[in-house]
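If you read the sequences in order, they're chains A, B, C and D.
If you're matching positions, the first sequence starts at 1 in this note's numbering and goes up one per residue.
If you're matching positions, the second sequence starts at 1 in this note's numbering and goes up one per residue.
If you're matching positions, the third sequence starts at 1 in this note's numbering and goes up one per residue.
If you're matching positions, the fourth sequence starts at 1 in this note's numbering and goes up one per residue.
If you are wondering where the hints come from, they were derived from the structure by calculation, not from laboratory data.
C-beta: ideal position from N, C-alpha, C; glycine also.
Don't take each hint at face value.
[Claimed, not checked] DSS-like, lysine-lysine: derived pairs with alpha carbons at most 30 Å apart:
{"#": "1", "chain 1": "D", "residue 1": "46", "chain 2": "B", "residue 2": "46"}
{"#": "2", "chain 1": "C", "residue 1": "46", "chain 2": "A", "residue 2": "46"}
{"#": "3", "chain 1": "B", "residue 1": "46", "chain 2": "A", "residue 2": "46"}
{"#": "4", "chain 1": "C", "residue 1": "107", "chain 2": "D", "residue 2": "107"}
[Claimed, not checked] Just the calculated beta-carbon pair ranges, DEER-fashion:
{"#": "5", "chain 1": "A", "residue 1": "150", "chain 2": "D", "residue 2": "51", "range": "52 to 58 Å"}
{"#": "6", "chain 1": "B", "residue 1": "58", "chain 2": "C", "residue 2": "1", "range": "35 to 41 Å"}
{"#": "7", "chain 1": "D", "residue 1": "156", "chain 2": "B", "residue 2": "61", "range": "37 to 43 Å"}
{"#": "8", "chain 1": "D", "residue 1": "106", "chain 2": "B", "residue 2": "61", "range": "43 to 49 Å"}
{"#": "9", "chain 1": "A", "residue 1": "147", "chain 2": "C", "residue 2": "162", "range": "41 to 47 Å"}
{"#": "10", "chain 1": "B", "residue 1": "58", "chain 2": "C", "residue 2": "161", "range": "32 to 38 Å"}
{"#": "11", "chain 1": "A", "residue 1": "150", "chain 2": "B", "residue 2": "86", "range": "27 to 33 Å"}
{"#": "12", "chain 1": "B", "residue 1": "112", "chain 2": "A", "residue 2": "51", "range": "17 to 23 Å"}
{"#": "13", "chain 1": "A", "residue 1": "40", "chain 2": "D", "residue 2": "135", "range": "16 to 22 Å"}
{"#": "14", "chain 1": "B", "residue 1": "96", "chain 2": "C", "residue 2": "113", "range": "26 to 32 Å"}
{"#": "15", "chain 1": "C", "residue 1": "52", "chain 2": "A", "residue 2": "29", "range": "42 to 48 Å"}
{"#": "16", "chain 1": "A", "residue 1": "173", "chain 2": "B", "residue 2": "58", "range": "45 to 51 Å"}
{"#": "17", "chain 1": "B", "residue 1": "58", "chain 2": "C", "residue 2": "99", "range": "42 to 48 Å"}
[As the list claims (entries may be wrong)] Which chain A residues stay away from chain C? Per the calculated CB distances, all over 12 Å, these:
{"#": "18", "residue": "4"}
{"#": "19", "residue": "38"}
{"#": "20", "residue": "39"}
{"#": "21", "residue": "63"}
{"#": "22", "residue": "66"}
{"#": "23", "residue": "109"}
{"#": "24", "residue": "116"}
{"#": "25", "residue": "131"}
{"#": "26", "residue": "162"}
There are 4 protein chains.
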Amino acid sequence: MTTRMIILNGGSSSGKSGIVRCLQAVLPDPWLAFGVDSFVDAMPAKMQASEAGLDIAADGRVSVGADFRALEEAWTEGIVAMARAGARIVVDDVFLGGAVSQQRWQKALGGLAVLWVGVRCEGEVASGREISRGDRVPGMAALQADLVHQGVIYDLEVDTTHAESLECARTIAAHVS
Amino acid sequence: MTTRMIILNGGSSSGKSGIVRCLQAVLPDPWLAFGVDSFVDAMPAKMQASEAGLDIAADGRVSVGADFRALEEAWTEGIVAMARAGARIVVDDVFLGGAVSQQRWQKALGGLAVLWVGVRCEGEVASGREISRGDRVPGMAALQADLVHQGVIYDLEVDTTHAESLECARTIAAHVS
Amino acid sequence: MTTRMIILNGGSSSGKSGIVRCLQAVLPDPWLAFGVDSFVDAMPAKMQASEAGLDIAADGRVSVGADFRALEEAWTEGIVAMARAGARIVVDDVFLGGAVSQQRWQKALGGLAVLWVGVRCEGEVASGREISRGDRVPGMAALQADLVHQGVIYDLEVDTTHAESLECARTIAAHVS
Amino acid sequence: MTTRMIILNGGSSSGKSGIVRCLQAVLPDPWLAFGVDSFVDAMPAKMQASEAGLDIAADGRVSVGADFRALEEAWTEGIVAMARAGARIVVDDVFLGGAVSQQRWQKALGGLAVLWVGVRCEGEVASGREISRGDRVPGMAALQADLVHQGVIYDLEVDTTHAESLECARTIAAHVS
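I would like the entire structure built from these sequences, with the hints used as guidance.
This is the structure in C-alpha cells:
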C-alpha cells in the first residue's frame, strides 16, 4: 500500500522540523509539510496566550483550550483531505495527549496509509538544543520528552540524541512504500 | 447563509496579509488563515526555483509548473475540507490565472458559503510597498496589480491605495454573515 | 558637510523600518541599517522579559533596566564608530526618553554630520498598523506616538499617516548632502 | 586580562549561531552577539546578489565585492568600538579569506583581549545540517568547512560533529577570564 502520509510525533526541540526538511529533500516525490507550528501560525494572534486558545506558562507547560481543540480537529480533517486528494503529506506534531492525540488523527485518517514515526531525544539533550535555538520557552523540551510518547504506537522510531536529522530522514524514507 | 470562508485575491504587496491579520483581530469568532505564502512554505525547498515547481524570474515574473499545480489542487481541497469540518477560514491568494484560478476554488467549494473579496492597490503604490518590505523580488507588484483580477467576480472589493488594512478589514467583516 | 548618519526617531509601528528599506533603495551609495530591533536581537534571550533588561508589559508599556542602558550606550558608540570609519549609517530608534535619548546619541556623535528625522504617525493609525503586523504587543503604538518626540529637535519630519514609505524616503534623501 | 570579545570562526552550518545563543545563556554577564548574518541583514537589499556586494552562486560559492569589503571594514571597527566602550561582545564570522580575515580583525582590535575560537564540523555532517535548515544554498557548508580555517590561529577549537552546542559553549565559557 502506497504511503500517503508520514506523521512524526515528538517533544519540543526533539528535531522534528529538521527531519521534515531532510525528508522533503531525500524523498523523490514532492511532499508537503504541515505541523503544529504552521497550525499555530494560522490561528488569530489573540488566541495565543489565551485560555480558550494556546497558553505557554513561564515554566514551559503548554495548555490548550476549547477553541484550540475545535480548530485543531477541523485542521486535522483538512490535512487528511489533502492527502486523499493526492498530495503526499508529512506532518510533525506534538502529542500532548499521547495516545488520545494519535486517536484524533486515526479517526480522521480512516483507512489512509500512514507511516507513524516516533522522534525521540533524551530530555537533557533536547533541553540543550532548546537553549541553542533561543526562541523557545525554556522547559518545554524536558516536560514533553517522554510525555508525548505515552501509549503511542509507531511503525518506526528514530532518536536524534546521537543521530543527525539527515540520517533519521533516510531511515524513515526507507520505510516509505 | 453563514459565511464559512473568506477568499481574498490580490497582487503581490497589495496588502492582503495585513488585512487578514486585522480580520482575525476584529471578527468575534476565531478564524484560521491560510494562503499562497503558507502553501509555498509547505513545499520542498527544492521545488522553489524549479521548473516543475515555482520560479520567480529576476523581473518578478512568476511561473508555476506541473508539480506546483497538482499540489495546489490537493491543498485547495484540503483547505475547503477544514471549512466543511467546521473551521472558519480566511484565505489570501494570488490568482495568476484570473478567472481560471477562481474556478479552481469554486470547483472545490461546491455550495459552501464564501465571501469573495478583491484586494486592489494601484500598481505604483504596490511597487513602492514592495521596496519598503525589502524581501520581495522587485517587479512582482506591478506585474500582478491588474492581471490577477481579470475575469474574477467579487462580493466586494477593497482598495488599499488610500485605505488602511484595519479599515478594509472592518468593511469586509461587515459583509460576513 | 557630507551626511554620515541618518537617525530616524518614531514610535512603534510608525513606519520607520519601511522608510529605512526605501532609503537603502533610493540612496545611490550603500547605507548600512541598524536600529533598536537589531540591538534587541543582539541581546541575550534571558535579558528579554527581565527587569535588568527589557520588559514589555501586557499593555505595551516598555521598561528598560540598568543592563539594557549600559549595553545600549556601548552599542551607540560602536554604531557611531562605524560611521567615523567611513560607513554610511541609517539608524531607526525609539526615543523612550525623548530629548534625553537624543542627547545620548549627540554625546557619542561629537561633531559627526547627522540628519535628524522625526517619523510621525497619528496614534490611531499606528495602532491599526500594529494590529495588521500581528507580532507586536498591542498598545505600544498608541503609548509611544507622541511620547518619543518630546523635546527632540529634528532637521526634518515626515508623517506616514497619509504618506507612503517610499515618498517619505525620497523627502529624506533630498536632504542628504 | 579580562576577555572583552569572543570571536568564533567556522564554515556555514558548522553550528556557530547555536553556540553563540548558548554562550549568551551560560555566561553570567550579558554579552551582545553580532556576526556575518546580522551584517548582511544591515546591507541594502540591492547589495545582495550584486557584484559589488555579496553574490552566492548556485553551487554555494560566495564572492564579495568592493562595497562589501569597505562596509565590512567599517563594521569591524564599530564592533570593536562597542567592546572598547564596555560591552562584552561575541562575534561569529566566516573567514572566507582565512588568515587574511583574521588579520582584518586583529588590525581593528589593537591590544583588546580576545578569545579566538575555531568551530569545526566535518564537511559531510555540516552538509547534512545545511539540508535540515532548508534556508541555505546547498554546497556552502562543504566548500567552507576547511577553507575558513586555513592559517587561522585559535585559543581553542570546538568540534560540533559529535558535540552539542551547549557542550561547546561550556568549553568556551571556561576559557573566558
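Self-check item: Non-interface claim for residue 4 of chain A, where every Cβ of chain C lies beyond 12 Å
Solution: With a cut-off of 12 Å, residue 4 of chain A remains clear of chain C, as the shortest Cβ separation is near 33 Å.
Exercise. Using the beta carbons of residue 52 of chain C and residue 29 of chain A, state whether their distance is inside 42 to 48 Å or not.
Key: violated, 52 Å
Practice problem: Could you check the hint for me, namely that residue 58 of chain B and residue 99 of chain C are 42 to 48 Å apart, CB to CB? | Solution: holds, 47 Å
Quiz item: Has the hinted range 43 to 49 Å been met by the Cβ atoms of residue 106 of chain D and residue 61 of chain B?
Solution: holds, 47 Å
Exercise. Starting from the range 37 to 43 Å, see whether the pair residue 156 of chain D and residue 61 of chain B falls in it by beta-carbon distance.
Key: violated, 51 Å
Quiz item: Closest CB-CB distance from residue 38 of chain A to chain C, is it above 12 Å?
Solution: holds, 15 Å
Exercise. Examine each Cβ of chain C, and state whether all of them lie more than 12 Å from the Cβ of residue 116 of chain A.
Key: holds, 34 Å
Quiz item: Is the Cα-Cα distance between residue 46 of chain D and residue 46 of chain B 30 Å or less?
Solution: Holds: residue 46 of chain D and residue 46 of chain B sit about 24 Å apart, inside 30 Å.
Quiz item: Any Cβ of chain C at or closer than 12 Å to residue 131 of chain A, or is the non-interface label fine?
Solution: violated, 8 Å
Quiz item: Quick one: are residue 112 of chain B and residue 51 of chain A within 17 to 23 Å, going by C-beta?
Solution: At 30 Å between Cβs, range violated.
Quiz item: For residue 66 of chain A, which was marked as not at the interface, is the minimum beta-carbon distance to chain C over 12 Å?
Solution: At about 22 Å from chain C, residue 66 of chain A clears the 12 Å cut-off, so the statement holds.
Quiz prompt | Verdict for residue 58 of chain B, residue 1 of chain C (Cβ pair) under range 35 to 41 Å | solution = Since the Cβ atoms of residue 58 of chain B and residue 1 of chain C sit about 38 Å apart, the hinted range of 35 to 41 Å holds.
Violated hints, in rising order: 3, 7, 9, 12, 14, 15, 16, 25; the structure is consistent with all others.
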